[in-house]
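Single-letter residue listing:
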Amino acid sequence: MTDEVAVEPKSGKSSNHLAPGDVGIVVPHDFVYSHPFAFKSGQIIPGFTLRYETYGALNATRDNAILICHALSGDHHCAGWHKAEDRKPGWWNNIVGPGKAVDTNKFFVVCANVIGGCQGSTGPASIDPSTQKAYGIHFPFVTIADVVRSQKLLLEHLGVSELHAIMGGSMGGMTAVQFSIEFPAFVKRVLAMATTARESAQAIAFNEVGRQAIMQDPAWNQGDYPRDGGPRVGLAIARMMAHITYLSDTSMDRKFGRRRTTLQNQEGVPALDAPFEVESYLKHQGQSFINRFDANSYLTITRALDNFDLAQGYTSLEKAVACVQSECLIVGFESDWLFPPEQNREIALALLKCGKRASYAELATDLGHDSFLLESEELYAIVRSFLGRKTNATDFAI
Amino acid sequence: MSNIPEKRTIDMQVIGDWVEPNSKVLDLGCGKGELLGYLMRQKQVISTGVDLDFERITACVERGVSAYQGDMASFMAAFPEGHFDRVICSRTLHELHNPASVILEALRVGKTLTVGFVNHGFWKNRFYTLFQGKKVKNLIYPTEWDESRPANPVTIADFEAFCKRKEIKISRRVHLLGDWKSPCRLFPNLLSGYALYDLSR
Chain A
1 MTDEVAVEPK
11 SGKSSNHLAP
21 GDVGIVVPHD
31 FVYSHPFAFK
41 SGQIIPGFTL
51 RYETYGALNA
61 TRDNAILICH
71 ALSGDHHCAG
81 WHKAEDRKPG
91 WWNNIVGPGK
101 AVDTNKFFVV
111 CANVIGGCQG
121 STGPASIDPS
131 TQKAYGIHFP
141 FVTIADVVRS
151 QKLLLEHLGV
161 SELHAIMGGS
171 MGGMTAVQFS
181 IEFPAFVKRV
191 LAMATTARES
201 AQAIAFNEVG
211 RQAIMQDPAW
221 NQGDYPRDGG
231 PRVGLAIARM
241 MAHITYLSDT
251 SMDRKFGRRR
261 TTLQNQEGVP
271 ALDAPFEVES
281 YLKHQGQSFI
291 NRFDANSYLT
301 ITRALDNFDL
311 AQGYTSLEKA
321 VACVQSECLI
331 VGFESDWLFP
341 PEQNREIALA
351 LLKCGKRASY
361 AELATDLGHD
371 SFLLESEELY
381 AIVRSFLGRK
391 TNATDFAI
Chain B
1001 MSNIPEKRTI
1011 DMQVIGDWVE
1021 PNSKVLDLGC
1031 GKGELLGYLM
1041 RQKQVISTGV
1051 DLDFERITAC
1061 VERGVSAYQG
1071 DMASFMAAFP
1081 EGHFDRVICS
1091 RTLHELHNPA
1101 SVILEALRVG
1111 KTLTVGFVNH
1121 GFWKNRFYTL
1131 FQGKKVKNLI
1141 YPTEWDESRP
1151 ANPVTIADFE
1161 AFCKRKEIKI
1171 SRRVHLLGDW
1181 KSPCRLFPNL
1191 LSGYALYDLS
1201 R
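As they're listed, the protein sequences go chains A and B. By the working numbering, the letter at position 382 of the first sequence is numbered 382, and the numbering carries on one by one without gaps. Quick note: to get the working numbering, add 1000 to the position in the second sequence (first position is 1).
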C-alpha cells in the first residue's frame, strides 16, 4: 500500500545536516489507503494518501512510537533535511533527533501531513477519481476527528501496536487530545501545547478574515482554479494576518521595532514612505506561503479548526475526556493570545476533575503562540521527563 | 542538629501514616513532588499537586506525579465540594497571602485537610528575636528579610485559636520537638518545633 515518493534525495552529505543530534537526510513516504474512507460529515472518498516521515526505528514490541501532529500550516517534514542544499530543516528539528528531547535513538517518531492538506496528502487539490478533476471545494468537510482516524490507519499500516506518546502544538495539540478520546487504549501519553479544547470566537474570527481574503480574491473562482494559479493575493493576505496572531507585541517589537527597510536621505533618516521592516517581513511570509500552500486546503483546515470543540456532543468537557486513559501533559505559554494559558488550563482541569493523570505547566516566554517551537532548555526538560519515564509511577524510586 | 532533607522525611512519615490507601489527595504547594511520590508508592494514592514554579512541575512530571502549575485558590475553585479525600498543606501555610481563605477552600474541596507548619513560637525562635532583635534566620529560614517570600510567622497558639474561631474540627494533632522527631507533650507552643494537624468541618 505504500509507495516511495518519487523525490529521491541526492546523496549530499553536508556536515551541517549530519550534525550530532540531527536525523540528517530524510525521505518522505506515501501511505496509500485504497478503501473507502468516510468522514465525520458522512461524505466518502474512495481512498486517500497520507505523506509522512519517520525517524528512528520501531522496536520489537512495537510500542515505542511517537506520533507528532502538525499545526495549520505545518506538514509531515518535522525533522532533518530533504536535500543537503535545503535552507531549513523540518519544522520541529530542534526537538526531534538522536539524543534530543524527542529522542530518535529511543523512539520511532512518525509525522504525517493531515488529510485535507496540500503537502502530499489527499486534499482539495488532489484529483477526484470520479471526475478526474481536482476536488476543490467539493472535498469533504474535514474535522480533527477525521485527521485522527486517517492517521490511526497509517499507524496500523506501520505496525505500531500502541503509541508511547502523541504530541503537538496548536492544531497538533487538538489532534493529540482528540486521538486519545477516539482511541483511548492506543495512546499512553498525550503532550499538547499551546492549544485549546474549543476554538474560541476570537480564533474563529481571525480564520474567517483569512477565508474572506481568499474567497474575495477573483482568482479563487469558487475554488475552481488551475494548480499553479489561484487566489495568490488572498492567500498571502490570509497568511500575513494569521502570522500576526502567532507572535506577540513584545516579540514583534523586539524583532522589528520601527525600523525601515531602506535609508533614503544623506542624514540616514528614513523616508516617510520607506516600508517598515515588519511590513516586508509579513510580505515575505505571505509570498513564501503561496508557493507551498493551496488556498482550498487553507479553507478546509481552518474550518476543521473552527469546528473543533471537544465538548460538542457531550454535556461537558469532563464528559468528553472521561474515556481518556493516557497520562496527559498540557503546556501553555504565557504570551500566547491565540490559545491563551486559560484555554490550556481548562483541558488539564477537566482531565483532573475526572481523576485522570494530567499535568499542566506554563512557560513564561514572550514569543506568543509560536512559543511551542521555541528553542528552550526548560521546554526540552519537561518534554524529556514526560516521554522518558515509565508510565507506572510506583516504579520510580527517589 | 539534623539536616533539612531528614526533617522532610519525618514530615512525610507522619502524613503518610494519616493518608488512607487509594485515596484522592491534593498537595497544595507540592514542590518537586517528593511527598506525593512517596504517597503514591506507599499508599497508591490518586494525587495531584499544585505549585507555581515551572521547574518544580517538571520535577513532578519526572517523578510521575500529576502537577498543575498555577494559583491554588483558582485551582480549588474548579472542583466540587468534597472532591478530594485529603488536601495537604505541608510547610506552605506561612507563605500564603490569604491563609484563611485557602484553609476554608481546602476544607470545601477536601474531606480532610492536613496542615504541617514550622512553629514560630518555638523557644529558639523567641530567643533569637528577643536577643538578636531581628527576623528569625536559621536552617529552615536561611534568608535575610529582603530576599524572603512573604511570610506569616504562624505559631501553634495562633493556629489553634484560628481553628476555634472558624469552628474547624481538629481530629488529630502531632507536635514534634526541635529535632522534628520526638513527640512534644508539654507546652507545645514553646517547646514544639513542628506541628501537624488533621482538620475537618
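None of these hints come from the bench; they were simulated from the model. Be careful, since some hints might not be right.
[As the list claims (entries may be wrong)] Capping the alpha-carbon separation at 30 Å, the derived lysine-lysine pairs in DSS-like fashion look like this:
#1 A:Lys353 / B:Lys1135
#2 A:Lys283 / A:Lys152
#3 B:Lys1043 / A:Lys319
#4 A:Lys133 / A:Lys100
#5 A:Lys353 / A:Lys319
#6 A:Lys353 / B:Lys1166
Okay, the hints, checked on the actual structure:
no.: 1; hint: A:Lys353 / B:Lys1135; verdict: violated (41 Å)
no.: 2; hint: A:Lys283 / A:Lys152; verdict: violated (37 Å)
no.: 3; hint: B:Lys1043 / A:Lys319; verdict: holds (28 Å)
no.: 4; hint: A:Lys133 / A:Lys100; verdict: violated (44 Å)
no.: 5; hint: A:Lys353 / A:Lys319; verdict: holds (10 Å)
no.: 6; hint: A:Lys353 / B:Lys1166; verdict: holds (28 Å)
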